[in-house]
Amino acid sequence: MLETGLILRALARNKIGALLIAFQIALTMTIMVNAIFMIQDRQQQMQRESGLDEANTFYLTNTVFGQDYNIQAHLQTDLHMIRNTPGVVDAIQINAVPLSGSGWSMALQHESGEDKDAVGSAIYMVDDHAINSMGLELIAGANFKPADIELRKEGQSTWPAKTIITKAFAENLYPDDWQSAIGKTVYISQTQPMQIIGVVEALQAPWNGWNGVERSMLVPFKREAKGSYYFIRTEAGRRDELMPIIEKALAESDKERIIRRVTTIEETRKRSYQQHNATNKILTTVVITLTLITGFGIVGLAIFSINRRTKQIGTRRALGATKGQIMRYFMMENFIISTFGNIIGCIGAVALNMWLVSAFNLSPIGFELVAFGVLALFIVGQLAVLYPARKASMIAPAIATRTV
Amino acid sequence: MFSYYLRLAWISILRHWGLSLLMVCAIGLGIGTAMTTVTVNYLMSANPIPEKSQQLYYVQLDSWDINDPFDDGLNPPDQLTYTDSSNLMRAKQAFRQNVQAQAFGVIEPADPEMLPLIVNGRANTADFFSMFNVPFIYGSGWSNQSDESKEFVVVLSKETNDKLFGGKDSVGESIKLEGNMFRIVGVIDTWQPKPRFYDITTGAFNDSEDIFVPFHLIADEKISRSGNTNCWKPTGDGFKAFLASECIWTQFWVELKTQQDKEDYLQFLNAYVEEQKQFGRFQRPIDNRLSNVMQWLETQEVVADDAQMMMAMSFMFLIVCLLNTVGLLLAKFLGKAPEIGLRQALGASKSTLFSQYIIESACIGILGGILGLILAYLGLKGVEGLYGDYMKGLASLDTNMAILAVVLALVSTILAGLYPTWRACNIQPAQQLKSQ
Numbered sequence: 001m002l003e004t005g006l007i008l009r010a011l012a013r014n015k016i017g018a019l020l021i022a023f024q025i026a027l028t029m030t031i032m033v034n035a036i037f038m039i040q041d042r043q044q045q046m047q048r049e050s051g052l053d054e055a056n057t058f059y060l061t062n063t064v065f066g067q068d069y070n071i072q073a074h075l076q077t078d079l080h081m082i083r084n085t086p087g088v089v090d091a092i093q094i095n096a097v098p099l100s101g102s103g104w105s106m107a108l109q110h111e112s113g114e115d116k117d118a119v120g121s122a123i124y125m126v127d128d129h130a131i132n133s134m135g136l137e138l139i140a141g142a143n144f145k146p147a148d149i150e151l152r153k154e155g156q157s158t159w160p161a162k163t164i165i166t167k168a169f170a171e172n173l174y175p176d177d178w179q180s181a182i183g184k185t186v187y188i189s190q191t192q193p194m195q196i197i198g199v200v201e202a203l204q205a206p207w208n209g210w211n212g213v214e215r216s217m218l219v220p221f222k223r224e225a226k227g228s229y230y231f232i233r234t235e236a237g238r239r240d241e242l243m244p245i246i247e248k249a250l251a252e253s254d255k256e257r258i259i260r261r262v263t264t265i266e267e268t269r270k271r272s273y274q275q276h277n278a279t280n281k282i283l284t285t286v287v288i289t290l291t292l293i294t295g296f297g298i299v300g301l302a303i304f305s306i307n308r309r310t311k312q313i314g315t316r317r318a319l320g321a322t323k324g325q326i327m328r329y330f331m332m333e334n335f336i337i338s339t340f341g342n343i344i345g346c347i348g349a350v351a352l353n354m355w356l357v358s359a360f361n362l363s364p365i366g367f368e369l370v371a372f373g374v375l376a377l378f379i380v381g382q383l384a385v386l387y388p389a390r391k392a393s394m395i396a397p398a399i400a401t402r403t404v
Numbered sequence: 001m002f003s004y005y006l007r008l009a010w011i012s013i014l015r016h017w018g019l020s021l022l023m024v025c026a027i028g029l030g031i032g033t034a035m036t037t038v039t040v041n042y043l044m045s046a047n048p049i050p051e052k053s054q055q056l057y058y059v060q061l062d063s064w065d066i067n068d069p070f071d072d073g074l075n076p077p078d079q080l081t082y083t084d085s086s087n088l089m090r091a092k093q094a095f096r097q098n099v100q101a102q103a104f105g106v107i108e109p110a111d112p113e114m115l116p117l118i119v120n121g122r123a124n125t126a127d128f129f130s131m132f133n134v135p136f137i138y139g140s141g142w143s144n145q146s147d148e149s150k151e152f153v154v155v156l157s158k159e160t161n162d163k164l165f166g167g168k169d170s171v172g173e174s175i176k177l178e179g180n181m182f183r184i185v186g187v188i189d190t191w192q193p194k195p196r197f198y199d200i201t202t203g204a205f206n207d208s209e210d211i212f213v214p215f216h217l218i219a220d221e222k223i224s225r226s227g228n229t230n231c232w233k234p235t236g237d238g239f240k241a242f243l244a245s246e247c248i249w250t251q252f253w254v255e256l257k258t259q260q261d262k263e264d265y266l267q268f269l270n271a272y273v274e275e276q277k278q279f280g281r282f283q284r285p286i287d288n289r290l291s292n293v294m295q296w297l298e299t300q301e302v303v304a305d306d307a308q309m310m311m312a313m314s315f316m317f318l319i320v321c322l323l324n325t326v327g328l329l330l331a332k333f334l335g336k337a338p339e340i341g342l343r344q345a346l347g348a349s350k351s352t353l354f355s356q357y358i359i360e361s362a363c364i365g366i367l368g369g370i371l372g373l374i375l376a377y378l379g380l381k382g383v384e385g386l387y388g389d390y391m392k393g394l395a396s397l398d399t400n401m402a403i404l405a406v407v408l409a410l411v412s413t414i415l416a417g418l419y420p421t422w423r424a425c426n427i428q429p430a431q432q433l434k435s436q
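Quick note, the sequences are listed as chains Z and W, same order.
Residue 233 in the working numbering sits at position 233 of the first sequence, and the numbers go up by one each step.
Residue 351 in the working numbering sits at position 351 of the second sequence, and the numbers go up by one each step.
Everything labelled a hint here was simulated from the structure, so no lab data went into it.
Warning: the hint list may mix true and false statements.
[What the hints assert, rightly or not] Here are the simulated DMTMM-like pairs of lysine to aspartate or glutamate, each with C-alpha atoms no more than 25 Å apart in a straight line:
id : chain 1 : residue 1 : chain 2 : residue 2
1  : Z       : 248       : W       : 398
2  : Z       : 116       : W       : 237
3  : Z       : 226       : W       : 220
4  : Z       : 162       : W       : 237
5  : Z       : 145       : Z       : 117
6  : W       : 381       : W       : 306
7  : Z       : 116       : W       : 220
8  : W       : 194       : W       : 398
Please read these numbers as outputs of a predicted model, since none were measured by experiment.
Only chain W is shown next, with the shape it has when bound in the complex (with noise of 0.2 Å):
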């Protein structure tokens, strides 16, 4: 029965090509729109690390000025002083602990042709690359033993790699990093998490860095800092007191494997804001924080704006169209009230009526469906060329928002032709015979 039905539901659609094409048409748009907008959103509200976000966590501590509050009140700083962020690294109370604050230098080849090359880095501390999941191609992170001893080493970006030694393995090798030697100790796998949740606070959606470089460096002054920098003090003349200063510019992120740990982690917090507020900081309230991957992502609002009004904008959309399918599936189902009384009068019992009509309302939802796949490809690849650099990565349409798509088309169509299929099966035989 189900393929007759569906001949059925062909040959209707075929007569009625018009109307039938409106609905496709109707469809397909509505879905192409939520689409865009959904997987634009989707990708932006990624789990980055799915396999570990809820053990990495990023602390948070109310360093601010007494009388004007940071965000105000509402979040503690987003980033923590120099100051802080060392005593937390050497009390070491964590799994496993990070470091890191935006740096860049430039790199002079060995080769006297080629240019020196300006690079963006990363200045962290040896626990990144295990907690992240950083992926290696050659070689590996560099050891805490490193960073205690303070050695100049630098782990190169696929890509840095590529352009300095043509991709070979050039761990062991030396590269000049303003003006001192580096020891090269990994190479990185393309590796772009998207978010880019390790640092929000230099941009969600940029490209991971060219090269990494022990934090120590930066202290050393041997490597430039760059990134964000809020002071809400004073600072004094000279690099040393810029370091001993209020000014926030590093992140800190801990791994912590359990719940206990982590209020564990939380107490430890606590202890250390009360003991600093003798030697007279943290004049505010203790308000210390760890929020997980997710939570941090949440909190720094990672999801755009534009994104989520653009979204609910598109789901009222759907719902024109779907008000216009059902509209027109009415206008379609009720013009067949003559067809639909004789059949009935010939024996076909409401539920066989009401059969037929959901398969054709489902088969103009499935072509609606594909339309709509085809007008999210499109608004994709529009979004992404008209957003750039901005949306790289970010428009793309996988093999869930696929299914979604189609499936949400399909249900919504169903749903949208229940009444009118209801309206059709409810027709009395009687009048339309007498009519005829």
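Here chain Z stands alone, though its shape is the one from the complex (with noise of 0.2 Å):
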């Protein structure tokens, strides 16, 4: 362009306010890029699958509190009532709930004896009604038989015989080839040995902060606890008019328990992740300001040197530029202005991810956020200048003539 020489020079003489704007435009950047990334790797998070029918089940805590109570036996009646419930598919005693916050986790290890490498996964003690109460997907192998149930004692150390994983848990067991998971021997608990029987798509761990949240193992307990959960999955759809009814049920059948907490799966997830959202509602409405600061910035500002240049613009016009050049002027001008700031907020921005990097364990940015983030504030830029650069495009070549 033949005019971006006198447009620099111009600029050179007039530093100030120029290098305002592209440090704002640098800082917005800086923010804008980092602040996307943040609000990206949190969505990423909330969008894993839990591996459960997630819209159709909920689940209750029942506490018991009577001495000398048969847990057993009312356990045995309890989901009798539950599974025969009309509308109910299926239900099961669980000792924790996915995305809950809080479970029970343990470690497996290919080899017996201490000092041997293990992974953690999450527990979920249950029975052969799992995988249906759950909606979860058996991607290979077999699920437990009723045979295979064993009653855990309160206090009780020893694991059983088989177990079923999930398939990020074969694969981190198993890195060559998940499928050959099935059949073979881990150790829990140190040198307890259990059989792999089967793979689950996938069934998240309680802790949804947890690096190791796809790992999770069905193992074959029913529990004598004072506490447990009950999990109940229901037909689709029929899920909030059953909770009441399933609620009253087993508060009513005995007085010595009680019966809270009812609560859906998708309220859980809510919850799990309510921090998560409300980070990033925050950190939208922070950048939306943000680049409306900017862009009202860079209008006050090029109103401003406008209206100071209007004799130069009228004599400019009266030389015969016409108004298209006069726009492409101002235009041209923030486009340089921004192409500095830009340059600044791309070392920002990679600068101030690498601190969150060190500081708090982030991933590093990716090459496109940055040039996102450029494009929108060319963009911005340009959109902020059209209005001040349109109102001296209107200088009347008169102008030129007149002493202000």
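Can you join these two chains into the complex? Each is in its own frame, and there are hints to help.
Spelled out as structure tokens, the structure:
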């Protein structure tokens, strides 16, 4: 462009205003890119599949306080009653709920003995109805048989002989071929053998912030515990109608226990990611306001510089410059300032990201995001300068002949 | 003169209302955002017990696996085994000591009409109440004597007392908890330390407990424990084996009055670990730690990463807003070049002009600060709404913060105004007058 040199020389004589805008653009870019990156990171975490039939499942806690209470017999009648309620697909007793934040974890190892490498996994103690109740997809091997289910006493330290694990866990244990996990023996509690009999597609651990959240295992236990969960799956669309019915039936069946916290998995998911959601909303607001502020700043300064140069613009017009040329001058000027700001902004964005990576264990940002930031700020700059530039192009050539 | 400058500033703000509004909004947004995040951080990192946070120490001993250290060897385990905390308790080497764990139970009200009540509890020893300055409405905590003679005593929170006894003095009465009768010895007044420093492992911003019971009841299986349990070694069958295991689930606090006491106690801990090494325990190098309240909150990273990142970002946001203000003030003041030239020609000194424009910047700063305060208030309401329980009681604006907001707005706007003012004062009157 012919004007580029002209604009640069004009800017050099009047650096401060341009520098202020450039720095604003740079900082906006720095914050915007990193904020969007943080938003995306959370969004990805929130989109991971839990593996459950989330829309049609709910759970409740059953807390026994009666003395001399036959937990085993009641568990049997409770499950029988729930499973036979019309509209219920299946139900189980379970020790923890995915995404709920509290649960049980153990480590598995390939070889028996102390000092061996072990991989941590969430433990779900369930019976042979688990796959059906949770809506899991069994992709290899077989389900538990009723005969596999053992009774677990409070404080018991031995584990059953079989387990079903998630695909992610199988991939971790057998990186070459996860399907080879079927039939293999692994060791729990350092020395107790367990045979992997099945693999399910997905089932998340209770802790969404854990890096092993995709690693879970089902163990065939019914628990003789004073506190446990009942996990229930209903026919599509009937969950909300069945929740109060089952709560009432259980609460009224005997008075030596408390039925509480009847909760849907959808609600649990919402609560689990509440902080993520909140942070994302705040970051989004920050990015939008920031862009608006920078935009308005550009408008303000452009109007000012045009007001100061009214006479020069009139003179240029009188000497034959077209409206388009005047507009182009100011848009070009903004483009040059934006370029400068964006270059600093890229450095700033990467620097801030490096700090975030080292201080908070985030992963590094991708090139596309920085490119997006650059593009977005060029567009914002051009849009912001559009109105002042149009105003400048409307200045009448006759103004050159007048003294202000 | 001051009031005259104020009037001039006001006239000027009104004349260029568009630019002024833009600046006030920019400062207001910047201050509002910064104050929202600062407040959240400030309340998260507040000292929950300022009067004695220097004398209360959390005890950590490294009892972990020699092959696979806790926390990759960075920090010793965050809780103690039952064996260790019982031994330390028995040794009584500190001015005060408390062993505790989280517990829960069901209260069956005497009135058969009332439904049974599940309560969150804390199992602790007698010194808990005096160590942590727990306020009582009725009665007091139990005595060391009660711990030793294994009495069934209980302290209720105000809410629990309201629920069970309609708020009246219930000291001396009994409640049925987990099937056993417990004598009420005290009722605590409203007490919600934020952060809940005495137990961070189960959530630093959780509510305090509904009931407090003697720790020995857990070992006797009269009350169920909850909270976090971490084991590195397999345990045997049954509860006795669990108590004797290397699982960590108890928390141990001591109160030590002087620095010397602290050093002595650390010596004692080291000697204790040396002794335990002879039984084949504590195979890792000695790494015993005593952290006072604020150190402990820091090690446990009570201030969430999110909050810190947001604070960093909000300060950058504030800088953008200030750069914006610098630019706009520059535009505004230089736009008045003819007026400045005229005033200088008529004898106004540079310092007069300087004070006039600084006062104008200050006025914009104060307006921005007030707007910022309103926005911070709305921001905190929003944060509370978005984060729910997690932020309960953590998102409120106190006087300190309000003053800080206005001062921050004022100072930053004056700083932002310095360069534009300086430029305005250096306008050559001759040049301006010539062009008129």
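Here's how the hints hold up against the structure:
With a CA separation close to 46 Å, the supplied pair residue 248(Z) and residue 398(W) exceeds the 25 Å bound. Note on residue 116(Z) and residue 237(W): the hinted pairing holds, with a Cα-Cα distance of about 23 Å set against a maximum of 25 Å. A C-alpha spacing of about 17 Å is found between residue 226(Z) and residue 220(W), which places the hinted pair at or below 25 Å, so the restraint holds. Distance check on the hinted pair: residue 162(Z) and residue 237(W) sit about 20 Å apart at the alpha-carbon level, within 25 Å; holds.
About 31 Å separates the Cα atoms of residue 145(Z) and residue 117(Z), which puts this hinted pair outside 25 Å; it is violated. With a CA separation close to 18 Å, the supplied pair residue 381(W) and residue 306(W) stays within the 25 Å bound. Between residue 116(Z) and residue 220(W) the alpha-carbon distance is near 35 Å, which puts this suggested pair outside the 25 Å criterion. A hinted pair counts as satisfied when its Cα atoms are at most 25 Å apart, and residue 194(W) with residue 398(W) qualifies at roughly 15 Å.
Going down the numbered hints, you'll see the structure goes against 1, 5 and 7, while the others check out.
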